[in-house]
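**Student:** From just these sequences and the hints, can you work out the full model?
Top to bottom, those sequences are chains E and G. The first sequence runs 240 to 820 under this note's numbering. The second sequence runs 42 to 221 under this note's numbering.
Treat each hint with caution, since some may be false.
Example chain E residues on the side facing chain G (calculated, C-beta under 7 Å, incomplete) [said to hold, decoys possible]: (1) Phe434; (2) Arg462; (3) Leu636.
These are calculated hints, taken from the structure and not from any lab test. Note that beta-carbon positions come from the ideal geometry of N, C-alpha and C, so glycine has one too.
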Amino acid sequence: MSLLEGFAVAAQPMYLLFALGGVLVGTAVGVLPGIGPAMTVALLMPLTYSLEPTAAIIVFAGIYYGGMYGGSTTSILLNTPGESSSIVTALEGNRMAKAGRGAAALATAAVGSFIAGTIATVLLSFVAPYVAAFAVQIGPVEYVALMVVAFLTVGALLGSSVLRGLASLALGLFIATMGFDSLTAQQRYTFGSPFLADGIDVVLVAVALFAVGEALYVASRLRHGPIKVIPVTGGWTKWMRKEDWRRSWRPWLRGTVIGFPVGTIPAGGADVATFLSYASERKLAKGARKKQFGKGAIEGVAGPEAANNAAAAGVLVPLLTLGIPTTATAAMLLVAFQRYQIPVGPQLFENDSALVWALIASLYVGNLMLLVLNLPLVGIWVKILQIPRPYLYAGILVFAALGAFSVNFTPIDVIILLILGILGFFMRRFGYPVAPMVVGLILGPIFENQLRRSLAISQGDPVALVSSPIAAVIYVVLIIIFVLSFWMRKRQSALEAETTADLEDDVDDGTGTPRASAAPGGPDADGTSGTAPAVSGDPVGPADPGAAAGVPGARSAHGPDTVSGGAHSGASSTKNRKEGP
Amino acid sequence: MSTSTSSPAGSGTTAAPGRPIGELIFALIVISVGVVGFVAGASIQTPPSASDIGPKAFPYLVSGMLVLVGTGLVIQLLRGGTGVPEEGEDVDPNIATDWATVGKLAGFVLLHSFLIVPLGWPIAAAVLFFGAAWSLGARPWFRNLITAIVLALVLQFVFAGLLGVSLPAGFLEGFGVFSG
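**Tutor:** Next up, the structure:
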C-alpha cells in the first residue's frame, strides 16, 4: 500500500527534521496574533528555490497543521477584553482559563486536536484516492461548475458581507487576468509596462494582503498596555482530571465526525464546523453542565477544537484530488505545488504518488509532534505570546519585504507590495475579506482555461455548461448550500448575540452595577431556555450535507468550496477570519 | 492607553464620522476598476487562429462583475449599510485611527525599497525594522537598534547563506556565509 511507502519517506531523519521545523513554525505563527499559516507559507515561498519538492511540501504541511494547534492556545490564554465575544467557540476556553481551569482547556484542546487530526488524516488517506479516481473522469464542464461553487462560496459565504466578499473575489480575478494570456499569448491589462507583462505574482499579492495589510491595520488601532496572558500552573500530566476526560471524549469524536465532512464540502469552512460542533454540544449538554455554557464548559472547547482540526484535514481532500483550494492556506499550498511545476488535480495521485503519500504520512507524524509540543512544552508558546507587539509587527514587515523582494529580486516588487498592502489595509478597515481575493487570483487562470476549453468543445454554446448531468447536480447542490448557509448564519448570529448578552450580564455582576443583584438568576434562566429553540435546528445541519453527499458526484461538488478562513484555526477567534480563505 | 474619542458605544462597528465616505470611495474604485477593464479590454487582440471564445471574454466577465458588485455596494452604503471593520487580538476597537503610525510604516517600507540596491539587503532590512518598531512605540532606541541588526544578520545568513536566496549582501559582500 502506498501509504506505507509514504511513511518510509517521511520517517527518514531529514524529513522528520523538516516536519518538526514546519510544526514548530506553524505553532508559533498560530499562537501569534496578526500572523497565520497562510501568510507564513506565502512568506516562506522562497524555500521552494532551494529545497526539493518533498521537503518543502512537508514543511508547509507542518505549518498548516501547526497553525491549527497554536490558535487555540491564544484564544484560551490571551485576555483581550471586549473582542473575543465575536466567536462563541473561542470563548469557553477563555472563560475556563479565567476560572483557573486554563490548563484543562489547553489539554482538552491539544488532545482533542490530536485525536481528531489523526482520525481525519486516516479518513483522508482512504477517501482521497477514491475521490481522485472519480475526479479523473470529469471534464472541463464539470470543473467549471466546481470552480463556480468554490468562487461563490468563498466569495459570498466568507466574511460578513456577501457583496464585499464578491468584490474581493472579483478584484482577485481581475489581477489574475493581467499579463500574458496563456492560450493566445496576447497581453492583457499590462498598460505597456514591462513589470506587468508577466502579471502580478501570487506570492506578492498574498504577502501584501495578509502581512502588510494586517500590520498597517493593527498599527492604526494598536492595543497598548501590557499583554495579559492568563498563567497556567502545575505539571501537564495533571491538567485533565478524570471527569474532564469523561466529559471530553465524546465531544472529541463528535467534533471529528462533524468537522471532516464540513471541511471537504463548501459550507463555509472550519468556522462552520466549529460552530456546528459548539451548537450540538450545547444542545446535548444536560442540567448543570448546560448552564456552564458561556461560562467555561469543557465540552465547548473539546468539540470545536476537534472539529477545527478534522476540517483542516478535510480541506486537503478537494485540494489534493481536484486542485481546488477552499481555504487561504490550502491556496498557498497549491501555489507551492505550482512553483515546482507539479500539476495538482486528479492525476496527482497517479503521477506524483510518492510525493502525495509522503505528504499524508508526514501529517500523521506532524500530529504526534504537535501533541508533544502543545502539552509538555506549552510554556514556550506562552512566552512567544508575550513578544512586544512593536517588534512582532516590525518583524512581519521585514519578512514581507523579504518575501516580496525574493520573488523577482527587484525593489519594484517591494513598492508593489506596499501599494497592495495599503489596499489590504483599507479592505480590512471597510470590512472586505481578503481571502477571496487570493483564492480568485490563484484559481482565476485555471478557471478561465477550463471555461474556454468547455466552450471550445461546445463551439461557443453556453448551454453546454449546465447541460452535463454532473454539472447540473453541482449547481443544484450549490443552491442548497447557499440556502443552508444563510439559514445557519442567522442561527449563528442569534446564538452569538445571546451568548454575548449572557457575558455582558456576567460582567455587570462583577463590577457591581445596580443590576447585579438581579443578574445571577436572570442570565442563567435566559441562557438555557432561550437557547434551546435557537439551537434546536443545528444538529440537523451536519446531516444535510451528508445526505447530499449520497448523490453521486455531489461530494466532490461540495469539495471545493469551503473556504472560510477558518480552516486553519477555526476555534481560535478572529485570527482565522483574517486569512480565511 | 485606550482613550476613546470617537465611538463611545464601544462596539467598534458604529462608524466614526467620515468613514462612510471612505467606503463610498472604495466602492467607486471597485466600479472604476471594472470600467477600466472594459475600456482597456477593448484593445486586447484576438488572434484569428483562436478557436475558442478568445482572450477578451473572461476579462469582460470579470469587469462586468466588478461594475455590478460595486454598484450594489454603493446602493447598500447609501442606504446605510456600512462594513464591519475586522477585529483582532491586537486591535483595540475603541480607539481612533492612528494615521500617523500608518504613514510612518508605509514610509519606512518605501525607504527600504530604495535602500536594498545601494546599501544591500541587511542594512535596508535593519532600517525597516528599526523604523517600524520605533513608529509602533518600542523604546528604548538602542534595544530596537540591536534587535534590528541581529534580525537582519540572522535573516541574511539563513536565507542567503543557507537557503541560497540571492539577497544582495551589501557591505557583507565577500563573506561567504552571507551571500546567496
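**Student:** Against this structure, judge whether each hint is valid.
**Tutor:** Okay, the hints, checked on the actual structure:
| no. | hint | verdict |
| --- | --- | --- |
| 1 | Phe434 | 13 Å, violated |
| 2 | Arg462 | 4 Å, holds |
| 3 | Leu636 | 5 Å, holds |
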